[in-house]
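Peer 1: Spelled out, the chains give:
2 protein chains.
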Amino acid sequence: MRIFLTILLLAGLSFNACSDTLIVQKQRFTLDRFTTASGSTIAPVNIGWEAYGKLNADKSNVILITHYFSGTSHAAGKYHAADTAAGYWDAIVGPGKAIDTNKFYVISSDTLVNANVFDANVITTGPATINPATGKPYGLSFPVVTIGDFVEVQKALLDSLGISTLHAVVGPSMGSFQAIEWAVRYPDKVQRLIPVIGSAYMDAYSAVKLERWSYPIKTDPAWLNGDYYQQGQPIQGLTTALAYITQDALNPVGFNLNYPAPELDTAPQHDIRASFSAWQQLMQQAKLRATYQDANHILYLVRASQLWRAGMGDNWQQAVAKITAPTLFLPATGDLLLPPALSKNSAAAMTAAGNTPQYAEIPGNWGHLDGVIGIEAVASQIAGFLN
Amino acid sequence: MRIFLTILLLAGLSFNACSDTLIVQKQRFTLDRFTTASGSTIAPVNIGWEAYGKLNADKSNVILITHYFSGTSHAAGKYHAADTAAGYWDAIVGPGKAIDTNKFYVISSDTLVNANVFDANVITTGPATINPATGKPYGLSFPVVTIGDFVEVQKALLDSLGISTLHAVVGPSMGSFQAIEWAVRYPDKVQRLIPVIGSAYMDAYSAVKLERWSYPIKTDPAWLNGDYYQQGQPIQGLTTALAYITQDALNPVGFNLNYPAPELDTAPQHDIRASFSAWQQLMQQAKLRATYQDANHILYLVRASQLWRAGMGDNWQQAVAKITAPTLFLPATGDLLLPPALSKNSAAAMTAAGNTPQYAEIPGNWGHLDGVIGIEAVASQIAGFLN
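Residue numbers (the working numbering), protein chains in the order written: chain A, 1 to 387; chain B, 1 to 387.
Calculated from the structure, these hints are not laboratory results. Note that the structure is a prediction, hence the values are computed from the model and not measured. The C-beta atom is built at its ideal place from N, Cα and C for all residues, glycine as well. Incorrect hints may have been included.
Said to hold, decoys possible - Selected chain B positions facing chain A (Cβ under 10 Å, derived; list incomplete): (1) Ala91; (2) Pro95; (3) Pro143; (4) Thr219; (5) Ile235; (6) Gly237; (7) Leu250; (8) Tyr259; (9) Ser277.
The shape of chain A in the complex, shown without the other chains (with noise of 0.2 Å):
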């Protein structure tokens, strides 16, 4: 949501609170006791979640909005009128939107291993929760967990609320793997799946590029191998893993239209260790991020996107055959980190198995961003499907 902000301030683009936004409260899920699909038992979990709209009587109408890397579970709404941003897909999730809040109850929840594990307006299970048995954070004894582990969390959160259908699950980017997970796992449940700017698995280019992200952490110094919580964050380390992604989330378009060109510097021309102002510029927005996500977090989280694959076996397109839920993949053209031939290569092995998904791409100057902020240019596609 921040980066989303950020980026929105630095485009000059305005942001109008509609006199219908909605006013949302975090809500919290505690599950005693969770199990990994890797046999690890984490004793409690704590998830934060949100609702837009009115649960039916019959508990028909839910659809479930799953979240991407940086994101949180704050899909719409305001926490307050005074708010300045509203939640990411504020766009098309509310009052006579895209997703409409007067028909549908929409449900949005923080997975595990939330990156923005210091926000106030976070709540999540992960590296830097206490561990009850030791009175001390977790760091690397937390086990490595899965989009899998993911969808079971969020499972549990609607059996708790008695909803056992869902008209959709819509999710961005490692939103969208959740949602396709939801629609293999559990194909009598879900009615309707969205994957955008997303991908039914993860290729060994993008793993290695995600690694890439993780590297100035594992490698900073006060890393301490995830034991950092008395000493303090590695911030060199997690700063630049932040000023990465939010690089790699942008198209060169976009990318320049933010920070300025080389020629303005000249400090660089004379000295090898100086720095360019885009440079400078991406690592200063990323520091402020610093403050409220955690270093082992992000390498989880990286972690989870690394191992996805859709049915989190060895054979991804034998999974999205289970998938009985008719399917618009939404990739964003000028995205450059899950790229407009991994939503293709997914509808494809979807399309082998009988099944019909549709496919629309996202335009814009912002890459991997336009499923977030760029959304509206689907907005329609999105009702039509939906309706």
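Once you have looked at the hints, place chain B on chain A.
Peer 2: Below, chain B without anything else, positioned relative to chain A:
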């Protein structure tokens, strides 16, 4: 050249030595003193060069080839008949080939601060060179050098050979920067220009992306602000930088053909510190290359690339307006490092100034690297343009 080789071998391609393979010899050019555009003096400067074909009587048949970031002057031919591989553009440089050495005298020189400084076949001057004034390697006391400086050293080499006009200047990637700068500075000498996988300028996005190659070196404690020659190279930083360069030069399609998919690995499922086979292989290959490369040289090449803009002033569009040479831009369709948009923007600026640059794309799976290993796909365009 070795990246090229590694990739070739990994891809299972074979390289057939033709019976007419050129046998070439490295030659040395020495400038007693060279003053950089920034006003620093380097004394002496040595660079290596090679030539293919025969200089005609009026010295009017010269084509200059300028090499890419990781490349050397070894553009074609072999040093010995038994060499397993030929120069990087051997597919288009040789008797009867697109750049026909039966007609043209082709010259290729090592740049200043060449990456492969410890390769026995490379002669270059840079931070790893012994400064005669101190008896120790220059380290960061070596001045920041630019593409303009590279061109001036090449100009001195050609002057020493009595060559005053160039039938063409042709170069891939960083070689395109040098080729364009030749045509900007010496429009009366450059008769044809072929920027391959290139650009007339560096944008903020690319400058930051290149800084990400430098980061692992600059943050390696063994880098010692560039003063590591007694203790030994910052090998982890250098290896990582070379791994990133390899990935960034590849399109995901080509990368995924070369490196194993993440689902084949189990250790990363249980340990955040564990890495994927794809990462390990990339790093192992990079470690081999690191044995003959120098960390500071990489930083200086990154900086020269970051500072690149035609004319080396603050308006590259005005600079390219000085080019009178017929020009053929040859970007690679799948290039994510210097994508076709940069060639298109460069060509558009020339068109706006009244030039009529031609444009064609190199097809292939390898991305940026298609400008090196896939160059044969545009051999006929190159031959047609030169003749």
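Peer 1: Tell me, in ascending order, the numbers of any earlier hints that this structure violates.
Peer 2: 1, 2, 5
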